[in-house]
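Chemist: Read off the chains here:
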Amino acid sequence: MRLPLRDNLANARKMVRAHRTRSYMTMLGIVIGISSVVTVASIGEGIKQQVTGQINRSGDTLITIRPGADQKVRGNLRSLIVPQATGSLSDADVTTVKKTVSVTQSAPLALVTGTLKADHGNYTAGSVVGAGNDLPKLVNQSIAYGSFFDEEDAEQDVVVLGAHASEALFDSQVPLGHTLMFRGKEFMVKGIFNEFPVVPLASDISYNDAVFIPYSTARQLTNNSAQPYELLAKTNSTKNVATTVNTLNKSLLKNHDGTQDFSVLRASDNLAATSSVLDLLTKLTIIAAGISLLVGGIGIMNITLVSVTERMREIGIRKAVGATNRQILNEFIAESVVLTLSGAFIGVFISLAINLVLRILTDLAPVVQWQVLLAATIVSMLIGIIFGSVPALKAARKDPIAALRGE
Amino acid sequence: MAVIELKDVSKLYGFGDATTLALDEVSLTIEEGEFVAIMGPSGCGKSTLMNMIGLLDRPTHGNFSLGGRKVSRLKPNRAAKIRRDTIGFIFQSFNLLPRLNALENVALPLTYRTNMSQTKRLKMASSILERVGMQEREYFMPGQLSGGQVQSVAIARALVNNPKLIIADEPTGNLDSQGSRLVMELLSEIHKMGNTILFVTHNPELTRYATRVIYMHDGQIIQDEKTAIGQVAATARSGMYNVATMTEEDDLAGVSVMMKTKPHKETKIPRKRKPTTKKRSPTTKQNSAKRAKK
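Quick mapping for you: the protein sequence lines, in order, are chains E and C.
Numbering follows our numbering, with no gaps: position 373 of the first sequence is 373.
Numbering follows our numbering, with no gaps: position 249 of the second sequence is 656.
Think of the hints as simulated: they come from the structure by calculation, not from any bench.
Since we're looking at a predicted model, the values are computed, not measured.
Backbone N, C-alpha and C define an ideal beta-carbon position, used for all residues, glycine too.
Any given hint might turn out to be false.
[What the hints assert, rightly or not] Okay, the calculated beta carbon distance ranges per label pair:
1. E:405 x C:468: 19 to 27 angstroms
2. C:439 x E:374: 54 to 62 angstroms
3. C:537 x E:370: 46 to 54 angstroms
4. E:288 x C:425: 47 to 55 angstroms
5. E:19 x C:482: 28 to 36 angstroms
6. C:505 x E:407: 17 to 25 angstroms
7. E:19 x C:525: 21 to 29 angstroms
8. C:468 x E:287: 53 to 61 angstroms
9. C:439 x E:377: 25 to 33 angstroms
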């Protein structure tokens with residue numbers, strides 16, 4: 001015995017249109033809530049996909065060793081902080097890793113402080129990284145021009161530039177053979193990396209902005225004080241990763257007198273860390289958006305209440321011509337659902353616009369998932385039904401005679 | 408067969424000293440096809456009686472059956488369905504929905520029926536509008552129509568569900584004489600089709616259309632008179648309701664007979680009339696004050 005849904009929705013849309021300004025103002029809470037949730041969720045998904053893409057690039061076989069225990073603390077903002085340049089990893093560890101049987105390639109990475117000077121003056125955007133010779137293979141990245149270091153370059157004053165660093169430092173498109181000043185020494189550009197895919201939120205130094213010098217040169221420059229902030233290693237097959245991680249952990253523990261002041265991480269651990277940070281952010285946003293939706297829902301409730309009061313006579317007329325309580329209830333709930341649903345649609349569109357702007361202006365590549373859109377629709381509908389039902393019940397239970405008198 | 412059968416129906420409003428007796432043990436039987444005019448001063452319970460018969464209200468005491476069915480204790484939703492299927496309402500203030508056009512207004516009762524497509528509803532509404540002579544103005548909004556036209560649309564709305572019973576609470580109350588004529592002619596035509604019609608009026612002239620005239624006073628039926636169509640009812644013509652005047656003094660004081668209570672009712676229940684604003688002239692107030700002094 002219900003009024004067909006289509007009629008209800010058509011009526012409700014008419015009502016919403018009749019009070020355009022009021023309706024849009026009321027929707028605002030829902031719009032803000034839905035757009036923020038959808039935006040954050042899609043940014044998070046974008047980052048996840050970027051990180052996953054990165055892992056797929058470098059392969060599952062990449063093992064990262066970092067100073068400090070407990071690098072994979074879940075949902076901890078600490079993992080957002082870039083690892084410190086100095087740590088507990090020593091030269092001995094570098095050798096140990098290199099000598100481990102199942103490790104095919106390995107490279108230490110160490111930060112070297114000092115000012116860089118080239119065509120465009122001082123360079124501050126990136127850091128100078130002392131890197132092992134195997135780095136390109138480990139991170140699966142090719143050199144655009146020139147070549148990476150090899151054995152002959154040990155302790156030589158040569159650099160390989162990240163793509164962005166190259167642009168920032170030199171006028172020339174391909175500054176091979178050009179020189180830059182670092183710590184009072186002249187370094188010659190030996191190679192330039194292709195651009196690395198961007199991984200936002202990753203706990204890594206941006207390779208695109210970095211300037212690489214041979215690890216041995218870095219040690220020499222700093223009188224052996226530059227310590228690796230990261231050791232990268234690769235095994236020959238995916239099957240070996242778990243055992244290699246164990247072996248590495250054991251042998252490094254020996255070097256460290258049994259103190260676990262380092263961590264051996266697999267590629268997937270990195271992903272876990274990233275996604276747990278994202279999950280935390282998403283949770284926070286959902287709470288904030290939830291409050292916004294709650295406030296929005298109360299707004300909807302208010303405006304429906306106003307609508308019920310204004311249209312008391314109409315309710316009376318409808319009841320007189322034979323509308324049951326349920327039909328009146330449905331009509332008003334349909335109205336608030338139309339309000340919240342329109343709010344959700346506007347919110348989604350705003351979020352799509354924000355995503356587009358983010359894609360253009362930042363390194364983020366937000367991805368909108370259909371699940372998120374579905375959830376937004378369902379949640380907004382639920383808000384409409386829940387908050388709309390209070391005033392709708394008031395309307396439905398109204399005595400027809402009193403309603404006809406407009407009371 | 409009796410369409411409406413009321414037996415000792417009472418309706419009380421309020422509690423304690425503020426209790427108002429709107430209907431006082433009213434018994435009434437209306438046969439199918441009757442065209443009943445109900446007259447009486449404001450606050451005499453006409454509207455309450457109309458609402459009761461129209462199932463918008465429930466009696467406090469007494470029995471009421473509509474079309475042979477007991478309806479005095481109906482649940483609101485059942486009542487709504489009976490209203491939808493068998494009763495048409497016409498109001499003094501027209502009560503069209505201002506945001507719907509004439510056609511949609513007429514189709515409104517049909518939207519609460521199940522399984523009727525919008526096209527079918529609008530077609531039915533259109534044919535009814537044609538019957539009341541408004542087919543040219545189907546797409547007019549109520550605000551664009553004259554009073555008589557608006558009431559014609561309202562009549563079409565009351566007719567669209569093909570009701571057995573039509574209840575009109577002062578259908579001409581807000582209309583000029585021309586509009587009143589139009590509306591009454593329409594009702595009269597509907598009556599000829601075999602519908603039972605109840606209407607409330609203050610205008611004695613309009614009893615010409617009725618086959619029966621009922622006078623109410625203080626929640627009671629004080630006169631029930633069958634009249635021929637085309638004749639102004641005898642009591643209505645005499646310009647007064649058939650209330651026995653008590654003393655010569657009352658007559659000399661010129662107390663409005665309309666406002667007077669019957670002597671034997673005076674002592675029964677302390678009555679408070681519902682505060683109605685309309686048609687209570689200051690002179691009657693003065694008069695009743697005078698009477699109170701005595």
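Chemist: Each hint: holds or not?
Modeler: Hints, verified against the model:
1. Checked against the hint of 19 to 27 angstroms, the C-beta distance between residue 405 of chain E and residue 468 of chain C comes to roughly 24 angstroms, which is consistent with it.
2. Between residue 439 of chain C and residue 374 of chain E the CB atoms are about 57 angstroms apart, so this pair conforms to the stated range of 54 to 62 angstroms.
3. Taking the beta carbon of each, residue 537 of chain C and residue 370 of chain E are about 51 angstroms apart, inside 46 to 54 angstroms as hinted.
4. In this structure the supplied range 47 to 55 angstroms holds for residue 288 of chain E paired with residue 425 of chain C, their Cβ-Cβ distance being about 53 angstroms.
5. The beta-carbon spacing between residue 19 of chain E and residue 482 of chain C, approximately 34 angstroms, falls within the hinted interval of 28 to 36 angstroms.
6. Taking 17 to 25 angstroms as the suggested C-beta distance range, the pair residue 505 of chain C and residue 407 of chain E conforms, at roughly 19 angstroms.
7. For residue 19 of chain E paired with residue 525 of chain C, a C-beta distance near 24 angstroms keeps the hint of 21 to 29 angstroms intact.
8. In this structure the hint that residue 468 of chain C and residue 287 of chain E lie 53 to 61 angstroms apart at CB holds, the actual value being about 58 angstroms.
9. Take residue 439 of chain C and residue 377 of chain E: their Cβ atoms lie about 54 angstroms apart, and the range 25 to 33 angstroms is violated.
Of the hints listed earlier, the one the structure fails to meet is number 9.
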